[in-house]
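**Student:** For the record, the sequence lines run as chains A and B.
Heads up: take any position in the first sequence, counting from 1, add 157, and you land on this note's numbering.
Heads up: take any position in the second sequence, counting from 1, add 157, and you land on this note's numbering.
Hints listed in this document are in silico derivations from the structure and should not be mistaken for laboratory results.
Built from N, CA and C at the ideal position, the CB exists for glycine as well.
Treat the hints with care, as some may be off.
Just a few of them, taken from the derived set where beta-carbon distance is under 7 Å, the chain B residues facing chain A [what the hints assert, rightly or not]:
no., residue
1, A287
2, L289
3, D295
4, F315
5, L318
6, L321
7, G323
8, D459
9, T471
Far from chain B by the CB rule (all over 12 Å, computed), these chain A residues [said to hold, decoys possible]:
no., residue
10, N159
11, Y233
12, K258
13, G307
14, A417
15, N672
16, D757
Okay, here's what each chain looks like letter by letter:
There are 2 protein chains.
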Amino acid sequence: MNITLTSGETISSSSGTSILQSLKEAGIFLTSSCGGKGTCGKCRVIIQSGEVDSQSKIKLSQEEISQGYALACTSYPAGDIQIDIPKESILTVEGKVDTGKSKDLLALLQSTGATIHPLTERYVLQLPPATLDDNISDLERLKRELMTHGLGCLRVPFRFLANLAGTVREKNWQITLSTIHTEDCYEIINIFAGDQKASQYGIAVDIGTTTVVMYLVDLSSGELVDVASTYNSQIRFGDDVITRIVHATEHNELHNINRAVISDVNELLKLILSYHDLDNDSIDCFVVAGNTTMTQLFFELDPAAIREEPYIPTANTFPLAYAGELRIKAHPNTPVYAFPCVASYVGGDIVAGILAARIHKKEEISIFIDIGTNGEIVIGNSEWLMSAACSAGPCFEGSGIKHGMRATNGAIEDVKIDPETKDVAIEVIGAKAKPTGICGSGMIDAVAGMFLAGILDQKGKLQEGSSDRVRKGEDGLEFVIYSGEKRDIVLTEPDIENLVRAKAAIYAGFTTLLNEVGFTFDDVQKVCIAGGFGKFLDIEKAITIGMLPEMPMEKFEYMGNTSVIGTYLCLLSRSMREEAEDISRKMTYLELSVSNSFMDEYMSGLFIPHTNMDAFPGVKALMKKT
Amino acid sequence: MNITLTSGETISSSSGTSILQSLKEAGIFLTSSCGGKGTCGKCRVIIQSGEVDSQSKIKLSQEEISQGYALACTSYPAGDIQIDIPKESILTVEGKVDTGKSKDLLALLQSTGATIHPLTERYVLQLPPATLDDNISDLERLKRELMTHGLGCLRVPFRFLANLAGTVREKNWQITLSTIHTEDCYEIINIFAGDQKASQYGIAVDIGTTTVVMYLVDLSSGELVDVASTYNSQIRFGDDVITRIVHATEHNELHNINRAVISDVNELLKLILSYHDLDNDSIDCFVVAGNTTMTQLFFELDPAAIREEPYIPTANTFPLAYAGELRIKAHPNTPVYAFPCVASYVGGDIVAGILAARIHKKEEISIFIDIGTNGEIVIGNSEWLMSAACSAGPCFEGSGIKHGMRATNGAIEDVKIDPETKDVAIEVIGAKAKPTGICGSGMIDAVAGMFLAGILDQKGKLQEGSSDRVRKGEDGLEFVIYSGEKRDIVLTEPDIENLVRAKAAIYAGFTTLLNEVGFTFDDVQKVCIAGGFGKFLDIEKAITIGMLPEMPMEKFEYMGNTSVIGTYLCLLSRSMREEAEDISRKMTYLELSVSNSFMDEYMSGLFIPHTNMDAFPGVKALMKKT
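Take these sequences, add in the hints, and give me the full structure.
**Tutor:** Below you can see the structure in the form of structure tokens.
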């Protein structure tokens, strides 16, 4: 029997094997927090054709069932079938990380001057055995020994004592302590019998509005061992932070929204640990970063006031939490450090991004922009940092775009359109894969290419007859980027409108913020670009559509997901944590939503590249050429 | 319909009313952690005659059912019935505390020089409302305000943040914070909207091996509001600490043993709060004291090593715990402070006892003895304190004595036997009640009386024919103390053997400890006696049986349950907490179980009053007189 996917890929399946299992054997992982028991309702697939025996329909609505939704874990093909896997069902894990990427991250850490000195530290202790003459309690014995290691001030959470007696005796009074240093005091986070210094790992997580990315890091060597990612399951409560806040407050779903992202973290953790044959006890620490709303929701804090003037979160700095109290399925004592936030719309992901981009250490003025579900901009140097958020929307991460997707396997990440012939050449992530959608960098390429080829006008309207690929679709005109056997991949006019609004908001953010501090683009020496585009963002094309300012190429640097890079740095180094806290304290915030000049700038940006063509002389020249 | 109790008391019951409810209406409270749903299996009664419709038999063994055990909550009489209530099913609450007792406690606190300054403190704050110009997060706003109250160093447990946003806004930015000061830092334990300074109470608990006693204390005034007590449900895992350790370790029942005492605390708490119409949020703090094993079991710490040489507990000092992590049904953030212990067999109850008896503040040498399930002795003064434990056994608390019971309603607490006529006069706790058993003070009276009346010889053997009340029972000879309509109350020969062994162990403890420090009884200026006897322990009679040394009467003081008095002091005053920690550090411990001289002294004490009659000249004179 065969299972055919929407992408055209075909997987073989044997009788009595669930769809979930068959996909897994083919290297496609679906979210499944119940472990395939048919109870969590997460491994949804859509049966497009063929007969399937579905034994559980839990958490599927009547409407969904009628649309063909089924749970992959308890659905068994009765013959050849064709299925569609909704993006929110997919988990990805790289399995083996490119050693170059790991080396680059280590080099970044070293370039900061920091050494590997993780938030948590393990100590191997040989305690003197208890005797009638030396009969102090196990805890007092431990504290006495720690004094000799300079760990005089030691906080012992109550829950840590439960197994102490057994553990100290198990390997003849040799133990390994895992500790974290907080508020000038050490706190015990775990205890092991014998010498367990070798196996210490940490988890760095970027909690994006759209995606959750996890790094598994060896805390001894600093090596990036693996990367796993998934869509943020909160997507079912809305694509953007505002919709989720509404759900949390007006629909009373804060708890469910919190559970959604925690279960994503648990899924990724389970997958990444089992891949590397590690157990929970080998994880000593979590560092997470997210925007302010994501961080509140991660901690299940009421986000209502974020949405209403004067836009106040419960907290911007977070006390250390423990995996257990957050219901993260690691050892319950494992500390979870969250990056501090700056304001309601500039969060820990941006602080982590600045930490990674290092603009807070340079004399020259830099711009940092993170284009995720929102667009956050920071301008500054080692003296000052000013930030703002422009509601760019999540289209560059694939949301709200008909065939949009994240920059993962199967995404079209590069589009070239010949201005003369209008021929289209594409590149797809994952060598042999057929494309299943288009990611942020592919969209920018496509819009720039269409614009320069005259397929799109300055207002972002598709020109009927300008190319064979322009056709009428169900949402109006659309441009066919890839013509597949089963399904074409297109950009529709509403998609393009979304993209134009997003790029206008970003550019308006730059100019408003520069005006506020009295500088111009000429004063800016560097533009660091972060975000979930493909491996490579074509800067020239981003300038062509007017998303980025026209500046010399060498001033731009595309850095990828700087939020997770920042969490990596912080996981490995205490001085990085201090720097992160300094950044959050130092950064000021400009509220663009109440700024008239931002609205004016935004309106001017709704053209390609911009109403003010003088700011884009190079694009102007290209336009003339075509 | 009537329900007749073993005591002869009769309660009326109406059709369709459960036995539990009928008892409750008559002021008899049974433990029932499920609230009468028939699921916890705690409100056991024994149906001795009559028809009962029992709808749940959960947690009752086949054997118990055949013995007549039923759950009172779901059992409905079908006519007149007679029942027996096992002592472990009974909860007691005084309801209204004698104001004299409350005044005495306050006077004791004042006599120490301490003022009312509880471990926890409430602050009412008026925060400046958030505005666009003052848009820091709620947490930062709170911290900023606290700076002005001198609470600069503030630890905010993560779990505290959940409702912060809603709470600060509920009463127009006025809030009340409940805080505890630990390790030179304040920690937030609860937050309320508006001004909630008035309603702050604390709970002091003595976790005895046999009984659990709870005080409800008004933290503003220091008033003792109520006292509640119950048998420690761990009794079903054995009467003494050793049996319970065996159950915890060899039968793998640590968790169940822990749950047993926690559910007792929860039962008492529920009862005492509902009596006074208080909610969980009005409880700001718990202080508990127990012997070392009880404290380990309260925290669910493996007690195995306590039982084996060199006798080591997991901990003698305990980090602050929270009600939530202990599953105590108060607000989960409520701190639980446990008195520090000294060694495996001298625990926090003794430290609390010394704190209450104040011998650590006097120049003169005092003896402190706590006769509970064990017998712990402390000798010392303001310079030094030395302690030991003698395995006296739980007989003075009613365990292992055929008709033994705690000093509660229905207990014979005073027995007078006329040496000539052998007539017996008794006094019973609770004015009009018929006696249901005999408590520790009654037993000592009875043994002394029998001895001086020639009913008992020096070896503790009952003399057949010495009185009409000496008769053959199922356990050999027995002495009838009270002849009831339904049931007689007797002391059997095995009961008396138990009492003689217990008093011998206590006296041997005194002499061994005095020898160790090179003093004699003549050097001792005061003997403080603590324990769960009746209201009044007859010192002369305790000397007569050789439990206490023969010394001038004015040197003795009977203090009652000093453990719960110590927890009361500590709940109200930080300086008392510091004193308690000083006491535990200062106290040294002598291990009697490996002492040959203790065994010798013990053997000499197995006579009444003692082998060495020269130490008891007064008793000798009395013996001659009779």
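**Student:** A separate judgement is required for each hint: does it hold in the structure or not?
**Tutor:** Hint-by-hint comparison with the structure:
no. : hint : in the structure
1   : A287 : holds (5 Å)
2   : L289 : holds (4 Å)
3   : D295 : holds (5 Å)
4   : F315 : holds (4 Å)
5   : L318 : holds (5 Å)
6   : L321 : holds (5 Å)
7   : G323 : holds (6 Å)
8   : D459 : holds (4 Å)
9   : T471 : holds (5 Å)
10  : N159 : holds (50 Å)
11  : Y233 : holds (39 Å)
12  : K258 : holds (33 Å)
13  : G307 : holds (18 Å)
14  : A417 : holds (17 Å)
15  : N672 : holds (19 Å)
16  : D757 : holds (20 Å)
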